[in-house]
Amino acid sequence: MRLSEVAGKVGLTFSGHDIDVGGVNTLAKAGAGDIAPLLHRKYLPQLAETQAGAVLCEEKFAPEGKSCLIAKNPKLDWARVVALFAKPQGCLTGVSPQAYVHPEAAVGEGVTLYPFVFIGARARVGAGSVLFPGVYVGEDCEVGANATLYPNVVLMAGTQLGENAIVHAGAVLGSDGYGYAQGPQGHVKVPQVGNVVIGRDVEIGANAAIDRAALESTKVGDGTKIDNLVQIAHNVETGRHCLIISQVGIAGSTKLGNGVVLAGQAGLRDNITLGDGVQVAAQSGIGQDIPAGTIVGGSPSMDAGTYLKVSLSLPKLPELMRRVRRLEKALEGPDKETGHE
Amino acid sequence: MRLSEVAGKVGLTFSGHDIDVGGVNTLAKAGAGDIAPLLHRKYLPQLAETQAGAVLCEEKFAPEGKSCLIAKNPKLDWARVVALFAKPQGCLTGVSPQAYVHPEAAVGEGVTLYPFVFIGARARVGAGSVLFPGVYVGEDCEVGANATLYPNVVLMAGTQLGENAIVHAGAVLGSDGYGYAQGPQGHVKVPQVGNVVIGRDVEIGANAAIDRAALESTKVGDGTKIDNLVQIAHNVETGRHCLIISQVGIAGSTKLGNGVVLAGQAGLRDNITLGDGVQVAAQSGIGQDIPAGTIVGGSPSMDAGTYLKVSLSLPKLPELMRRVRRLEKALEGPDKETGHE
Amino acid sequence: MRLSEVAGKVGLTFSGHDIDVGGVNTLAKAGAGDIAPLLHRKYLPQLAETQAGAVLCEEKFAPEGKSCLIAKNPKLDWARVVALFAKPQGCLTGVSPQAYVHPEAAVGEGVTLYPFVFIGARARVGAGSVLFPGVYVGEDCEVGANATLYPNVVLMAGTQLGENAIVHAGAVLGSDGYGYAQGPQGHVKVPQVGNVVIGRDVEIGANAAIDRAALESTKVGDGTKIDNLVQIAHNVETGRHCLIISQVGIAGSTKLGNGVVLAGQAGLRDNITLGDGVQVAAQSGIGQDIPAGTIVGGSPSMDAGTYLKVSLSLPKLPELMRRVRRLEKALEGPDKETGHE
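Residue numbers (my numbering), protein chains in the order written: chain Y, 142 to 482; chain F, 142 to 482; chain G, 142 to 482.
For the record, the hints were derived by calculation from the structure and aren't laboratory data. Heads up, a few of these hints could be off.
You can't tell identical chains apart in this list, so a pair holds if it fits in one copy or across any two.
[Said to hold, decoys possible] Derived lysine-lysine pairs resembling BS3-like cross-links, with alpha carbons at most 30 Å apart:
#, residue 1, residue 2
1, 216, 228
2, 207, 228
3, 470, 457
4, 183, 330
Note that this is a predicted model, so its numbers are computed, not measured.
Bound-form chain Y, shown alone (with noise of 0.2 Å):
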């Protein structure tokens, strides 16, 4: 592909020669057919010296000479670049003689359906979508259009899909949720018979699991990202835009507003609720409500500001002690008139 090329498609104007571009990689690997980024100014260093035959950056950072993308939005403008280069994964089209789809299930027009894949009973898949092998869609699911399920992702019945999902690898969508009532002889099931539905343009990571509602249904909103190794229980619902990063778990029936962030590891208890634009610093453990727009960190949480400074305080804790030993026995004096212990 020609640079102007590459610019004309993604919206940006170039400087420089327009040459042949075939791939993109770091500065620091970039070779004379490649693109390279600049994102950081970190790497201010790495752009004077690649070997890249063209490069991504703002205006101002531009080198002499050099093909040059102009961004305006560095991360953004670079992200529609490399989808220009970047394949999609795999090497089969169309439905293999090896995979396994019930009589009556529906698949649309131009799907994929790699060796090894189960389509259950009234189970739909919208056009587009790409299965790879091992994935279960069990009865009465719904896969929207353009989807992309990696090997071994496994809906449960009646999971609802939107359009142009991903969900990686190993990804468990509408397993029962945890629930149990406390009988004479043990933990008695209490069945789930709800499902879960997932809206359009959501990305979900390797080896997540998100358990179906014991009544109606858990609920990822549009746009959200999910990573790998989450856990989604019974009956949460996130709202649009959030981002849950890898290993965060989040208990039955919490309710998340638009455009949260809860970083890596973080928990949150059941049935509370998180407004728009919160965010959670990683490993915090979230007991309570938190209002919009809050940021909080912690186990258990507090906001941001207090955590920080906990944070420091924290390591002179042992420190502190002595110290008040110290005020103790200097008040105490010889009539030990306020000693204690």
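For chain Y, the structure is supplied; the task is to place chains F and G on it using the hints.
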């Protein structure tokens, strides 16, 4: 089904008209053909407005003129009502010709093997069990009667799974324990030659992992319920009727008594013992034996009462440091007799 | 096998009678045909009472009149003894006609492909490797010789896996990294066009996830051992011989030196570096570079000595607050000169 029939099957009385009911739902979403439960006082306003044909609640809450199942133990009674309406997942029965069954395997009566199931040599699958697509049962495994193995569940060689087990999609039982000896050229694997033994009435969550023992067996007691993404290391033993909630990790050779509850993301070190009825708060880190009946929280853990107080004190730590500094200054006075730093 | 033969194969001497041995077990469970090890002094009472035909222990502990393999390094010597008796899992050999092998794939000599294995275009599987049911090897992958891929392991396109790799069931290598740019209509996916490169002698646990790089490669060094349910994000690089224990999460572009040990549930932020030999305690949260040889704990982390003291002090924090209040009151006196709040 008539409401009178429902009442008879679960051993409850009912009040009001004997109507036809066809399903279950929440008070908010139920329609004229549904039964809906009152499981918490906070839903009393919904009880007043529900469109449900019938409700399940304690006698004191029974609404005038509404068909009502009178519950003594609403959660338990509700579990039984839901079970009447829940239908098992799946759309096939019998042994699929697209399953692989080793000639030396023994498959019991009424077993369902979906396409792409693999049953290894000398494995035995008990009567009435259902194995969904992609399930792997290694050689010498024993699956008890009426077990349900959802898609892509893996039982490595020699795993024993008790009657009525429910194993959710992607769970792995019998993977090698994490055992290495330090050698001159790096870590040398200690082959893991034990197995996994799971009692009866056990449920295991999606993408959970239970390692085989180094020697002897990793054991899960009868009636224990394990949530999604839990890690159980080699030679762990759990008692009966434990609740092990999502993303908990239990390190090697640790033992749990009966009725232990581990809340989400808690971590237990290796080679410790938790007595009967121990309860561990979410995200706790347990580094030592915990006596029976104790409730603990925190990382490292402390008794629950202390943990609660510490959690309340912690946000005040930065202010406490300032107060101590003020005290020191006050005591130092102009002559700095007790000064330090 | 004769005990003398065992001793010869692992390079140990033995004392006592040269008996027939057929297996290995613990001191408590071993019988007359078994060898059992003494791996910790706490088992000395079991050594005295064991029914094992032979024991492995240091010379000073060798029981009178019992056949004994004299160990110099008991754990390492035991690993080698167990390896003599451990038989590899599995019950088939050769390439199953129920596997799918792309015509452009290259499968080496002596490879075993179980039913329901998928090998994509241009993928190469090294000689002697064993791929269990449900394994997916995407296009352009390279699997080294003598690798073992347990059921439902997924290698996405372009993954390189070194010789002697052991990948446990359900692990996913090469899933997309979690990368988005903020756009006007929500998060825009940055296509992940790098890959995963795993060194030789690496073991990866059940349901672990290792993401492909955005550009270039996510790398795991030779001899590194990764436990179950670990998350390794895009562009992470680990050194050689690291130990990464269950449920650890490592965020994007973070680098580990050689011999790093990360205990269970630890979390590492993105774009930091841990030097050679760093050890991280369980559940720690690492937010910054850690110099080589350091031991750290806590979330946020501090050096291990401080962390230990803080952990001991923390339960006393509520009492400390009361003590400071008492000091303030004592100092305030009747005239409140230094009072506050």
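Going through the hints against the structure:
no. : hint      : verdict
1   : 216 / 228 : within (20 Å within a copy, 48 Å between copies)
2   : 207 / 228 : within (27 Å within a copy, 60 Å between copies)
3   : 470 / 457 : both (20 Å within a copy, 18 Å between copies)
4   : 183 / 330 : between (55 Å within a copy, 23 Å between copies)
Checked against the numbered hints given earlier, the structure satisfies every one of them.
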